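As they're listed, the protein sequences go chains A, B and C.
In terms of this note's numbering, the first sequence is numbered consecutively and its last residue is 334.
In terms of this note's numbering, the second sequence is numbered consecutively and its last residue is 264.
In terms of this note's numbering, the third sequence is numbered consecutively and its last residue is 309.
Source of the hints: derived by calculation from the structure; they are not laboratory data.
Only a predicted model underlies this, so the values are computations on that prediction, with no experimental measurement involved.
Glycine included, C-beta positions come from ideal geometry on N, C-alpha and C.
Among the clues, some could well be false.
[As the list claims (entries may be wrong)] Simulated pairs of lysine to any residue, SDA-like, Cα-Cα distance not exceeding 20 Å:
hint, chain 1, residue 1, chain 2, residue 2
1, A, Lys-15, A, Phe-177
2, B, Lys-87, B, Ser-252
3, A, Lys-71, B, Gln-111
4, B, Lys-30, A, Ala-313
5, C, Lys-66, A, Pro-155
6, C, Lys-21, A, Tyr-326
7, C, Lys-19, A, Tyr-326
8, A, Lys-329, C, Gly-22
9, B, Lys-114, A, Arg-84
10, B, Lys-114, A, Leu-74
11, A, Lys-14, B, Ala-14
12, A, Lys-14, C, Ala-109
13, A, Lys-158, A, Ile-320
14, A, Lys-14, C, Asp-93
15, A, Lys-14, A, Arg-3
16, A, Lys-250, C, Asp-93
17, B, Lys-216, B, Ser-252
18, A, Lys-329, C, Asp-63
19, B, Lys-216, B, Gln-206
20, A, Lys-15, C, Lys-96
21, B, Lys-74, B, Ala-236
22, A, Lys-15, C, Thr-138
23, C, Lys-135, A, Gly-144
24, B, Lys-238, A, Ala-63
25, C, Lys-96, A, Leu-18
26, B, Lys-216, B, Ser-254
27, B, Lys-30, A, Val-311
28, A, Lys-14, C, Lys-96
29, B, Lys-238, A, Gln-66
30, A, Lys-71, B, Asp-102
31, A, Lys-61, B, Arg-138
32, C, Lys-135, C, Ala-109
33, A, Lys-14, B, Tyr-8
[Said to hold, decoys possible] Some but not every residue of chain B turned toward chain A, in silico, with C-beta under 10 Å:
hint, residue
34, Ser-4
35, Ser-17
36, Thr-33
37, Lys-68
38, Asp-102
Each chain is listed here by its residues.
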Amino acid sequence: MYRLVQNEVVKMLKKKRLYIVLGILLVMISAFAYGQYHSLDRTREQLTRRIGMTEAGDWRKIAEQQIIDMKSRLDSPYINEQNRSTTRVRMEQLQYYLDNNINPVDISGARFTTRFIEQSIYLFLPLLMILLAADMVSGELAGGTIKLLLVRGVPRWKVLLSKYLALLLLELNVVFFTLLISVAVSGIFFGYGGWTEPVATGFQVAAGQLVTSSVVNVPQWQYLLMVYGLAYFVMVVVGTVSFMISVLVKSTAASIGIMLSTLVSGSFLNSFLADWTLPRYLFMVNMRLTDYISGSLRPIEGMNMTFSLTVLAVWMAAAIVVSFWYFSKRDILV
Amino acid sequence: MPKSYAWYGIVAIAVVSLVFIVFGFVQAVKFTTGSPAPQAAAVSGTDNKPVKDANVINLLIIGDSIAKGTGDEKFKGIGGYLPDLMKSQTSKDIAVDNAGIDGAKITDLLQLVKGGRMDNALEAADFVIISIGGNDLREIQSLTDVSREAAYQENRAAYLAGLKEITQKIRTLNNNSVLIIIGLYDPTAADNANENARLISEWNYQTQLVIAGDQKAVFIPTYDLFKLNLDRFMAADKLHPNSTGYQMISYSISKGIESVLSHL
Amino acid sequence: MVGVFMNEPVLQLTNIYKKIKGKDILRDVNLSVYPSEIFGFLGANGAGKTTTIRIIAGLIKPDLGKVTIGGFSLDSDFVRAMSQVGCIIESPDMYKFLTGMENLQQLAAMSSRITQDRIDEVVELVGLQHRIEDKVDTYSLGMKQRLGIAQAIMGRPRLLILDEPANGLDPAGIAELRQLIRRLAYDEGMAVFVSSHILAEVQQICDTVAIISRGVILNTLKVKEIGKDVMVEWQVDKPSLAMELLKERWDIAAEQTGKNRVRAVIERVMAEDINQAFIAEGIRLAYCEAHGGTLEDLFLNLTGGDEIV
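In isolation and in its complexed conformation, chain A is listed as follows:
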């Protein structure tokens, strides 16, 4: 199995597929960083408005004032648990900025990286996975090389498994390089700091409401790893489904086309989630896992982290079963 997986990975490398994906990553991240950098002024202004500072004001004084405000708010007997947690969290964040002399409106390299992965988790990164996975099997069918693999006295399931494992390995690499390139490129524009910056998390969804009573701050690096872990999980699910399509369909173009349409339809279906119960069981609308940890979602009754993870896991398992079953049974006529 080791050698089989090695074969598959080497093939992918020789096809330059991985390098192309990394190249696209580099271009996209650079473009994104550059764009952020340019709109920094506008971003600053928006953030300033939101926090309630005036542009000309000294952010330190304002931050100090806000901390005092929040303290007294926390002391008020009328505050409920939700507000207590969010207020306390926000207070800690402001305190951090003050202590480290960071203007909260600025973007740090670390924050950019986190934001980039959060943004790309549901469309851009899956796209890259599809590029990797879509022709793993259909390419061999179209090219006829599948015959070579299957007449060697290696059982079919082993052949398919080696391809799947190779895919998982490559996906691990892609996510890694996404992180690396993000940090490297964003560092050029925004500096290499911000790793200990506090980020709020601990949001939960109960009965269709956003529950903020357990909200705490975690350091940016920890938050980033959380995002990273979730991102990989989503990638694996998308990759597995894509792999399955590759097994079922002979043409690589069709394989890519099907997956693309599926992903895009996910964006549409997002708007129906509140009213129509069916779409939430589809994997493509459950891909925004990072929304759950950042608390930036519109809570839908019944959809929380556990639900989404379960839906994704079920789809992944089903895709694996279908792939292996079909591949073992089918007549190879190419």
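With chain A's structure known, arrange chains B and C on it following the hints.
Chains B and C only, in chain A's frame:
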């Protein structure tokens, strides 16, 4: 067979990546699942339940820093001056409950009122004095370009909706209390006077409309009161009223509720 | 090698039936191939040759019937059965973006026995030493064919399956291939299964031939025995006497096809005796013509000029 260095690199990176991923994933799941800390949402109950004593008039002041009394060098604010003024109209004791919070915006006040913990206080109050909206308006005043008008409309609409909800909530708890809403003044000295005047006046006007239909609600205007008296009524931070300013506001309020007081 | 007796077939097909998309492709196909035997599989395009080969290689599962390789059932013992097989199926599709050597190395890595030395040996055997480090997409058809043969034989299989191996080879290449196959079969004891539609090649190289038409095996026979019988036509002055002679002496039924013409099917080796006998009996023999006796004739006869189904 040639060993490809790229292969070893790929495997090594994959292993490292996997370690990080597992760590991060477990953390993420931990933070988003499990039972949330108990919310005392619907439960009423604070330690200081205002007693509905027939011999006490309950004065509840809620809202932002002006409600709280920030800027008063004597540290009294409305809650300090108003009871003194009311004493001449009634023999009852006056109890003051002040829940003003610096920097509070409409959403903050709304959350507070809807949160449930204030229900008892609202139920027992005879007069509810509300000062809110200043921070929401100030948010957009620093804008100077075209986006300002749109932002203003947005903020105002949100504020009015919130205010309406607050008054409705209060009314469901207490039909008899008198609601007193304090209007906004212009703390700045005539820079873009016309523009500011328009913004603030329209804001105040819309506020009045919200409570117009409520027979037991009054709007206490401050704009014209302060217009010519900025140097006399404003505190050192040029934003909040000073002692004199607060006394003026309290005086206006006391005049507005005179007849109600005498019947209590 | 598990219990190899020279009498046990390396490949055995029993009662193979296969329908594809509702059409009968193979009906009751039976055949056996023995060690050191070069077995030819002959049929028109569409007769079912490639389907049969795919079934032997495990790429297609038969609806009914069994495939046994080296004593192991392909169905229940796939790994042990297929480990003894090397094959080329239709066109030798290799990975175009890899070099010839990389292709071979990858395939070799899939089974544990093949060493780099063996790969080098095989490369020399098929004559690709000079181009083996080039990417396959620069290869001509003939080179790809050789590479295909290389990957088929590098595992020293007991059964070698070649689907139209001469395809794309020039005459020199075909001659080399013939030699190679003979060596593999006779010197190394491989059972070789060759499918082709080129009759001359099959007749030249194979020991046994099976003729398949429309999914049914019409005949399986030893090549040595083809051409045993010929149809001969004599021009004689005494036709009736000739016919009598044929009947009395050799029990051959002859027919008169013209004024002085007699025709009969005889064994090729008897021709001299018969001619001599005619002359001895005083029959004047003008000439005698022989027809048939090639595989081509046999094939066309059997298949009745097959159309592609």
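Cross-check of the supplied hints:
no. : hint                  : in the structure
1   : A:Lys-15 x A:Phe-177  : holds, 19 Å
2   : B:Lys-87 x B:Ser-252  : holds, 15 Å
3   : A:Lys-71 x B:Gln-111  : holds, 17 Å
4   : B:Lys-30 x A:Ala-313  : holds, 17 Å
5   : C:Lys-66 x A:Pro-155  : holds, 18 Å
6   : C:Lys-21 x A:Tyr-326  : holds, 17 Å
7   : C:Lys-19 x A:Tyr-326  : holds, 19 Å
8   : A:Lys-329 x C:Gly-22  : holds, 18 Å
9   : B:Lys-114 x A:Arg-84  : holds, 15 Å
10  : B:Lys-114 x A:Leu-74  : holds, 17 Å
11  : A:Lys-14 x B:Ala-14   : holds, 18 Å
12  : A:Lys-14 x C:Ala-109  : holds, 17 Å
13  : A:Lys-158 x A:Ile-320 : holds, 13 Å
14  : A:Lys-14 x C:Asp-93   : holds, 17 Å
15  : A:Lys-14 x A:Arg-3    : holds, 16 Å
16  : A:Lys-250 x C:Asp-93  : holds, 16 Å
17  : B:Lys-216 x B:Ser-252 : holds, 16 Å
18  : A:Lys-329 x C:Asp-63  : holds, 12 Å
19  : B:Lys-216 x B:Gln-206 : holds, 18 Å
20  : A:Lys-15 x C:Lys-96   : holds, 10 Å
21  : B:Lys-74 x B:Ala-236  : holds, 13 Å
22  : A:Lys-15 x C:Thr-138  : holds, 16 Å
23  : C:Lys-135 x A:Gly-144 : holds, 17 Å
24  : B:Lys-238 x A:Ala-63  : holds, 19 Å
25  : C:Lys-96 x A:Leu-18   : holds, 17 Å
26  : B:Lys-216 x B:Ser-254 : holds, 15 Å
27  : B:Lys-30 x A:Val-311  : holds, 18 Å
28  : A:Lys-14 x C:Lys-96   : holds, 10 Å
29  : B:Lys-238 x A:Gln-66  : holds, 18 Å
30  : A:Lys-71 x B:Asp-102  : holds, 10 Å
31  : A:Lys-61 x B:Arg-138  : holds, 17 Å
32  : C:Lys-135 x C:Ala-109 : holds, 19 Å
33  : A:Lys-14 x B:Tyr-8    : holds, 15 Å
34  : Ser-4                 : holds, 6 Å
35  : Ser-17                : holds, 4 Å
36  : Thr-33                : holds, 5 Å
37  : Lys-68                : holds, 8 Å
38  : Asp-102               : holds, 4 Å
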